[in-house]
Structures are given as structure tokens and as C-alpha cells.
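**Q** In order, the protein sequence lines correspond to chains A and B.
With the numbering used here applied, the first sequence has no gaps in its numbers, which climb one by one up to 123 at the end.
With the numbering used here applied, the second sequence has no gaps in its numbers, which climb one by one up to 631 at the end.
If you're looking for bench data, these hints aren't it; they were derived computationally from the structure.
Subject to a maximum C-alpha distance of 20 angstroms in a straight line, what follows is the list of computed DMTMM-like cross-link-like pairs (lysine to aspartate or glutamate):
1. B:K572 to B:E499
2. B:K294 to B:E269
3. B:K542 to B:D466
4. A:K117 to B:E236
5. A:K116 to B:E236
6. B:K542 to B:E403
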Amino acid sequence: MYTQLLPVLLVLSVAVVFAAVFLGLSYWLGPRRPDPLKETTYECGIPPRGTVQIRFFVRFFLVALMFLLFDLEAVLLYPWVLLYGDFLSAGQAAFALGEISVFLAVVVVGLVYVWKKGGLEWQ
Amino acid sequence: MLETLQVNIPSWSDLGYWRPELTLLSTFLVALIGDLIVRGRRPWVPFTLALAGMLLALGFAVADLGEPAHTVMGSLIIVDGIASFFRILFLVAGLATVLFSWTSEEIMGVKREAKGEYYALLTLLTGGMCVMAEARDILMLFLSMELVGLTSYVLAGYMRTSLRSTEAAVKYVIFAAVSSGIMLYGLSLFYGLTGETTFVGIREALFANPPHPYALLVVVVLVLVGMGYKIAAVPFHHWAPDVYEGAPTPVTAIFSVGPKAAGFALMIRFFYTTLVAGPEAAGTSNLLRLVDWPLLIALLSAVTMTYGNLVALRQTNVKRMLAYSSIAHVGYILMGFLLLTSDGLQAILFYLLVYMLMNLGAFLFVVAINNHLRSEELTDYAGLGFRAPWLATMMFVFLISLTGLPPTAGFIGKFFLFKAVLAQEWYWLAILAGLNSVISLFYYMRVTKAMFFTEPAESDGAAAPLAIKPLEYVVLAALCIPTIGLGIWWGPVRDFADQAIARFNVGI
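The shape of chain B in the complex, shown without the other chains:
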């Protein structure tokens, strides 16, 4: 006689709290069918569907902001403060990418196939990322990671006839397979140690009988490998530069913020729930001491930011340079995880939001320039400050924000991160992060120098102004204005992050 699992019986009413995800998933199917009906000849059909679906989902996500925490699908998924915060982040990033893809030659060029499927897949990717932020069970954790992963591989290899793009997709798949395997091993050991699959159950079992320190250390490190791969932390970053360089640039733009932020969302929910009972109870947990968690994270963070910045110094391809810079930013964000406190969490959330704006902006600028120059080399950026002055000025804003200079949002984000680290008295890490910011100034300003202080080459038409499309101006301005605005008036966003933390549910 088979014994069935005890399940928390789900019902229709649960699904009411899951409207944004349901909207995104049905938009994916409708856009796919819509593309089949028009036989792929009218890409505006799936584009409009994807855009409408994302706007509707964003509307639902904003409307559900004040709702108390609810579980969906039995106990697999939870919609709480953190989930609502990340939903909005992902949907904004998704919307900006969908809009910008419409202008991109790499996606919409005459020779490209399956333009409709591209928009359908972007919608699915956004939906998958939302689920990643909501998983509260190791089964759902893995399923959502694979949903995001599988969609990403296809998007990375979207330019089927380009060798670089195909290489990116293959590398992505292979690295993902290995690190998923390692993480699954860690998760199975977690199950073996505790006999539970929900994060809350794991914590209760771990608190009731603390395991051997080495056992817990091995398990935590194995899980960190999988998540470190997703966020591209050194030493699990090897896939990132090649994939970022090979994938179509709009796809790279969403990769560098979406799945990365989703990986952080997963880390937040997993570690804040299993190792400590929420950010407020961080000081009382002895599991952190058992695995030497602060040292583990401090080392990961220090190595990641230093490596990312040092390698970025030598890059001549702007896309690749931004890929390494995004690795360095992962190092900064990891500083917030040091002691799993609410200060750290606030800094992480604020920085992720700011990072989404500025990094997406920088990558979309690369898309806009690539549409006209068909190049991402730094030498071809010479004189862009005169050929496309508004665009170059906005890129300058994104670059100083990525460096972390006032009066931009990047400065405030870094300020919160440094404050969280200094409050825990990890001085060496703060000093190292400060030095890293100085290093990063060099390569970000190298782009500025090329754009504003270098004369363009004396060949035909190389100095002519670029014909920038209105949509490109609109999307970049929509990212640039808050990048400056948040540097001057950051209160509302900090309160938004605080509300998310206040409604972060680690119980149920």
C-alpha cells in the first residue's frame, strides 16, 4: 500500500494572490499561439501581447502590494513582502527589455527568425523569475531555477546563425548543468539532515537538533555553489563573460539584472529562513557561528569584487567590460549577507533596485550604439559624445552611478551597503570595497573618455550624428531620471524596501 504525502490542500482562492504570475504565464501561451496564427510574419502581434501582458501583470503586482502574506499551491509558494518587491523589480526590467528589443537590430534585423518566440520567451523568463522570488520549498526552488535557466539558454542562443551566440548558449547549458547538479546534491543532503522540504521545516529541524558543524558547512557550501552560479559570484562566474558577450545585447541586459536579482531573491529567502528565523532574529542563531557564515560570505564577496574589477580593467569590448563589472557588483551586494541582519537586507534590496536601473541603462546604451555601429569595441565609441550627445550623457550618468559617485543612486546604494558592513565591524571588507570602487572608476571613465575626449576616426561618415530612434530615448530616459532622482531623494525607495522587509514572512 502506497502511503501518500500529507499535503496542504490548495484551492481556487489561493490563485487570487498569484495574478501577476498567472498573467505572465498565460501571456506566454497566447503570444506563442498568436505568433503561430500570423505564421511569424507580423512580429508586432507577439510584441504587443507581451507588452500588454507585462503591463497588466505590473498593475496586479502594484495592486497586491499591501496584501498580507499568503501561501499558494499548498505550501510551495509564498507571496509576501520580499516577493512583492522583487515582482515589481522583475516586471520593470522585463518591460524595459521588451521595449528596447523592438529597436534592436540583433533581434529585429531582417535576417532574424522567430521574432515572435523571442517576446514570448521574455515573458516566460519574467514569470519564472517571479516564481524564484516566491519559492519556499526546495522542490519549487529547483523547479523555478530550471524554468529561468531553460528559457535563458534559448534566449542566449537566439541568434542561431551567429557562432558567438551559439557558443554562449552551449556554455551556459554546460555550466548550468554542473552547478545545478552540485546544488541538487546539497539540497538532497539538506533533506537528509532534516527530513523536511520546506525552508521553515528545515530551520525548525536544524534548530531542534543542530547537526555536526562540518556536515552543515558542506551542505551550505554546496547550496551556495548553485546560487553563486546563478548570481555569477567568483569562483562560479566562468560562464558569465562569454555568455554576456555572445548573447544578443538586449538579452544580456536582462541577464545581468533579472536572473541575477532572482538568484539573490532565492538566497535571501533560503538563507534568511533556514539559517536564521528572519532578519530580526539574526543575532540569536548559533547556526551562523556553526558554519562560520560571516567569514564564508566575506571571502566570497572580497574575491568576487576584486576579481571582477581587476579583469574589467583590461577589457576592450564594452559588453565584456560590463559583464565583469556586473560580477564586481555581485561582490558588493554579497556584503549585505554578512550577518543576515535587517540592515544588510535593506541595503541588498535597495542596491538591487538601483543596480537594475543603472546596469540595464548601461547595457541598453550598448544596444542602441550597436544598432548603428554594429560594434561593441571601445575604440569605435570614439566621439560618440558628439555624434549622439543625449545618449552619451545618459550613459555617463549610468557610469558614474555604477562607480558609486554622488549625486547618483549608485552612491546611496553603496552607502547603505558600507553602513551595514561597518555596523558589523568588518572593517577590512569595507576598506577593500572602497579600494575596488576606486579601481572601477578607471574603467568606467575610460568609456567616458572615449566618448567625449577622443576624436572619431577620419573615415567616411564616422563623425556623422547617429539617427537615434525616439523609443531608445524614451526607455533610456525612463531609466536615467530615477538613477539621478534616487541619488537626491531616496526616501520613498528606502521605505519601499523597509516595508518589504517588515512583511518578509519566514513562518507560516
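Looking at chain A on its own, in the form it has when it is part of the complex:
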């Protein structure tokens, strides 16, 4: 029924068999002489210290959130620019411009809000 998918299955099975054979071979034939230095985590020559689970200052979270917000705002402007030509030829350029101004105004209100609430200060 799905004969056109047969090549995909073939590729998948070749990949699995190939990987299994070579992993098995290196496990079976390869010499193993561990020492303490070899067993440490590799970290560009510097010996690793402490654990990876450290606590972040909660302010980073707010900064990341605001970065995401204002970054996405810029990203959303690109599709608008691409579609503006269509609006122009349909005689609706004023509407498109008005719409994006509303969007930007909302974002500006957000900025004012964050500023006034002290979200931009690093206490």
C-alpha cells in the first residue's frame, strides 16, 4: 500500500544496522585502559568544579522575558513589511499602517509599564 515509502524504510534500517555493527565492533575489539584523568568530564583543559545545578538570580528571568518580548516585536515587523505591497495595491495601505501603529502603541504601553514598575532597574 505504501510502496513509495519503502526507500525511507531501507535507509532507516541501513542506518540502524550500520550504527549497531560499528558500535559493537569498537566495543568488542577496542582496548580499554581507564585512568582518573580520562574519566573526568572534558571541559577545554580546565578541571571542572562544583555541580551544574546552580541557582540563578531571579532578575535574569525578567531580563530574558523582556528581551524575548521586544525581540519578537521586531520579528513580527518583517512579515508585515513583506505583505505591505499587497495592501498597497489593494488600496488599504492606511489600514495596514494604522494596524501596525496600534501594535507598536501596545508595545510602547508595555515598555512604559515595565519602566514605571521598576522592571528595568537592577536592584
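Please build the complex by placing chain B on the supplied structure of chain A, with the hints as guidance.
**A** Same frame as chain A, now just chain B:
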């Protein structure tokens, strides 16, 4: 060279059909700025703004009731009968919640912060729910769900210093993230199967080349997961009891009716448009048979109502008990989806409206009692029938309506649902629902027994009458009178639902 999408060019004139939503969204911004100007010291400013905005939006929604269906924002949004129906439902629920929040100690207590933002967010939540009922494109579907979701997480965690409230918000976010992810996967597969993003386009593509039954089944189930989470159907309900218990009670009140009804609105529009061409054409679609839709929904409904009712039996916290009871009600409402017929749709719409009145009433009663007793435990409800007789009597009405006994609106709502199920000859489901109603009688009446037949504890002041605020009486009476009234004279509301169905647009 980038190829741009073919868009249906929107224009200013579209926005005229979107006045309620525009009013709500601008009220949100104005209330936020207003709160900044008064530096959060005068919560009545955002409260008044939110109230005025909602009243204005309700006025617009009522004025636009008779309008023919129109699309807004290109083809993303449609304002038709179903949308107008749900707009009114959400705005009434929003108004009642805003008014009641003003009396609530959990929101307005001395220690609380950001009271202004609370009212602004409630307005945004209401606006988001209206958009959910109007989405006719999978992009808008997801965007509106996230708008409602993001606002809900903040509202659930409103009591920042309360551990319970913070826990509720975190649980809500995590469950929402997982189920949104699953639903997005389903929606992307829908796009993959059909190459369309509008609901109508999806249906046309599915009807033109029916996909493999298993492919369609997987996709439908994945989408149902996301929507089932929103309406809190078993087995996607795990967030509901904890969130409902932890969130401030007025917020729980709107959660239990607003986003839930919005989830149903989304389900109605999505499945009635993609799987069948509207409620009138339900019998002619073979997609329903392809995915075994009736069995899927019957099982979901049966599990949801039975689980909700059985677990509610064991609860000692009234708020948590009502949370499980709202899960059970989702099970009843799901019965209307069995065959996507217009009978079922009528029953769903009528029941949602009735459920909004009675469930909101029951939760607001919990708010009123919590203001005085600082407790939601059933044992502390002892003797409330003597300490606050009018309030307790109204709670009694809400409880018998939730059980589904005459002469209340809940009885008529259940009657329509049972009629729709029996007309499709799904007898076992109807019998199970009947048994469930009997089970629910026990835990609803347990509250009544505590209020009227148990003496209050013999400690200081535990038997004194409560000083109920006038606003609490007014809002509860405004919900209680139609709860009884609709049990006796339901014609106008049934006609209202019928008009919504008649103007339900699955084309354009």
C-alpha cells in the same frame, strides 16, 4: 524571491463588527495606564474602568446580535451566531466576577498588591475568551488560547505571598505547556494532511480526499487533548482541582465557567466546521464514521462525569468539591457532541448558559463566606443557614440546579442533553448520566445539610449572624433569579440558542 501568502485583505470596515472585543482590549490598556497614573493607590479607578468597559462591550454585543456573519482580520476571525451567543455569556460572567471581586477579601484585602492590574487582567481574559469563540483559523485558535492561558496563569497566582496560589499558577503553566504542545502537534498534522489553515479549507480538503482513518484518528485525538485540557475533561483534568483550590476564589469562579465555555466554543466551531459541514449536515459526513467519533466522545464523556462525581464525594473542602463537580458537568456537556447534530448543539448552548449562572453563583457564595470565615472547609459551613439565611437559601437553589432537580434551570438543561442523547439511541450513556446525577445529589446535599441541619460549633461568635455586604446580595440574586426563572420559563433562552445555531456560519 520570497513568495508572499495570498491574503484576504482586511480593511477598516471589518473592525465595525468587532466593537466588543476592541472595547475590551482598549479598556485593558486604559485600566493599566490608569492604575499607573494613580500609582496603584486607588483601586477604584481601574475597577470603574473595567466595569464601564465591560458594560459598554455588553451593550455593543447586544446591539450586534442580529447582524449577519462577517469575517474580521482577513479570514482569521468570524463573527456569527455562535460568536454573538458566547460573547454575551462571557461578558455576563466577566461582569459578575468584576463586581464580586470588589467585595472579596482575597483580592481587596489590605495586604494584597496590584489590585488595579487584577481588574485590567480580568478584562483582557474576557476579551481573549470572546476571540476564542470567533477563531476560524488554526493560527487564531492557538493565539486566542494562549491569550486566555497567559492571563489565567497570572490571575491564578495573584496572591503572590500565598504558597497555594503560587503552586496553582506553576501547575497551570506546566500542564498548559504540555497540552498546548500536544495540540500544536495535532494542528500541524492537520495542516500537513490538508495544506490549509482555515477550518473551512480543512473540511473541503478532507472531504475531497478522505485521509487514512488512522491518520485522521491520531490528528483528531491530538487536537482533542488540547481542547480537553481547556475544558478539564478526564483524563486531561489533573490541573483543575489544584488550580481551582489554590487560585483566589473569584478567579476560580471565572475559571470554572469562562475558559471552560470558551474551550467548548472552540470545540464547537472546530469540529462542527471541519468534521461536518455544520449541524444540519451532520448525518451526511462519513468523516465521523472514519474516526469513530461518537464512541470517542461517549467514552470521554462517560469517564469524565463518573470520575468527577466519584471523587467529589470524598472532598471536605467546598471549593475543591465544586472543582470536581465542574469536571462532572463537563462530562454531561460532552454528551451533546455525540453526533454533531443541531439537537446536541442546542443542548450544549443552553446548558452552558445555565451552567454559567449556577456554577458562578455557587462559587461566588464560597467567596462571600470566605470573606467572613476565612475558610472553605465543609465543617465551617455548619449553621450558615441561620447565620446568613438569604445567602444560604440562594446557595441551596444553585445546588439543586447543579444536581438537575426541577424547578430549576439545571433540570431543563439536563433534559435537553438527555433528549439529544436518547434521540441518537445511545441508551447506556443516558443511563450512566442519570446514575451520575443521583450520585451528585449526595455531595451537593451534604453542603445543604451542613448549612441548615448542623448546629455551629460552640466557640465565641461562631453562631453570630454574618454581616453580608449589599453588593454580595445583589450579584447573587442576579444569578439566582434566572436560575429559578429559567426552570419555569425557558422558552426565550432556548430560542436565543436556536437563533445562534441558525446563524452559525461554517462557510465563508
